[in-house]
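Novice: Just need the whole structure built from these sequences, with the hints factored in.
First to last, the sequence lines map onto chains F and S.
Here the first sequence is numbered in numbering that gives the first Met the number 0, starting from 0 and rising by one per residue.
Here the second sequence is numbered in numbering that gives the first Met the number 0, starting from 0 and rising by one per residue.
Just so you know, these hints were derived from the structure itself, not from any lab.
The structure displayed is predicted, hence computed values, not measured ones.
Accuracy of the hints is not assured; some may be wrong.
A pair holds if it fits inside one copy or across any two, identical chains being indistinguishable in the list.
Claimed, not checked - Straight-line Cα separation of at most 20 Å, DMTMM-like style, residue types lysine to aspartate or glutamate; simulated pairs:
{"id": "1", "residue 1": "29", "residue 2": "144"}
{"id": "2", "residue 1": "29", "residue 2": "18"}
{"id": "3", "residue 1": "47", "residue 2": "139"}
{"id": "4", "residue 1": "29", "residue 2": "58"}
There are 2 protein chains.
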Amino acid sequence: MKFCSDCGAVLEFKIPASDNRERAVCPSCKTVHYVNPKIVVGTIPVWKDQILLCRRAIEPRYGLWTLPAGFMEIAETTEQGALRETLEEAGARVQLTGLYSMIDVPHVHQVHLFFKADLLDQTFTAGEESLEVRLFSPPDIPWNELAFLTVHNTLKWFTHEQAAGNYTLHVDVVHSASKYIVAAS
Amino acid sequence: MKFCSDCGAVLEFKIPASDNRERAVCPSCKTVHYVNPKIVVGTIPVWKDQILLCRRAIEPRYGLWTLPAGFMEIAETTEQGALRETLEEAGARVQLTGLYSMIDVPHVHQVHLFFKADLLDQTFTAGEESLEVRLFSPPDIPWNELAFLTVHNTLKWFTHEQAAGNYTLHVDVVHSASKYIVAAS
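Specialist: As structure tokens, then:
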């Protein structure tokens, strides 16, 4: 960020009055340009004991498997965003059955939210951002070909609890720079 | 948003290739400037059966009561942000005991997260953004002088469940343009 998006002036970086951290401040129109974390919303679409996964047709993590998820848009709710991403990426219509995981990914300034979801039918199909979409029984999940650590952790918790049918909200943080790390947006 | 924050050129508003909604796009450096919802993080600080509230020293809602909360910053987690805001606004040190409510406020592009929290001691004090900070027993909460509908709803649920000591995660949406509505950030 170098220029004021409101007036075009060159920005200064300083701590504004009554603040305690450096911001991009416009010396001309005085606007303070805050930068805040983004929300990624997605679902865990279930059909009987199977889980729907998408193989990514885009970078980052082209060719790896993920739960349907993406950046929340303005003027929608978290649940609407999760439903939209599930439809866009997997062509799947689901009914949400509760928030399942909230995982902070602070090094890329993101918070990932996954909702439990029941598939309404089996008419799913790969969207523009997916190479293929498939149902997996828990033992068949491609654990070594998952795109993101937040998806990996969510699927681990979910499949573990699936047998007992007793689900708990998981609030977690991902710090590791492992191979599963989400690329900066 | 009128100017590219990366190169200073005048932005165009159009639907980029492989997208499905209008974005601010730079015709010069080609950057797409996405706008996404912001996260507000806060706590419900409890001491025995009492709840800590702050009276706002800033707009919007100057003079009204709220739970300690504010915009999540980059490079922190939701829990770290909730702890930071509780310290900044109420001078209070707490231990978090779980996510309690997640409330979408789509008309102002926000998601509010409140964590249950136990006060570690009674040394709280008003921060720069608070006129005063006080503990309230549930019957004494100033229901008609609360700043935000998300705080109102969270306190209603919490005080209702407090008697039984059995807390449930609440996922909700606030659409109303009532007197409690959060001002656009």
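Novice: Now tell me if each hint is right for this structure.
Specialist: Here is how each hint holds up against the structure:
When the C-alpha separation of residue 29 and residue 144 is checked against a cutoff of 20 Å, the pair qualifies neither within a copy, at 48 Å, nor between copies, at 32 Å. Taking CA atoms no more than 20 Å apart as the test, residue 29 paired with residue 18 passes inside one copy only; the shortest distance there is 14 Å, against 33 Å between copies. Taking identical chains as interchangeable, the C-alpha atoms of residue 47 and residue 139 lie at most 20 Å apart only when both belong to the same chain, with a minimum of 15 Å there against 49 Å between chains. For the identical chains of this complex, residue 29 and residue 58 are inter-copy neighbours only, at 18 Å across copies versus 37 Å inside a copy, given an alpha-carbon limit of 20 Å.
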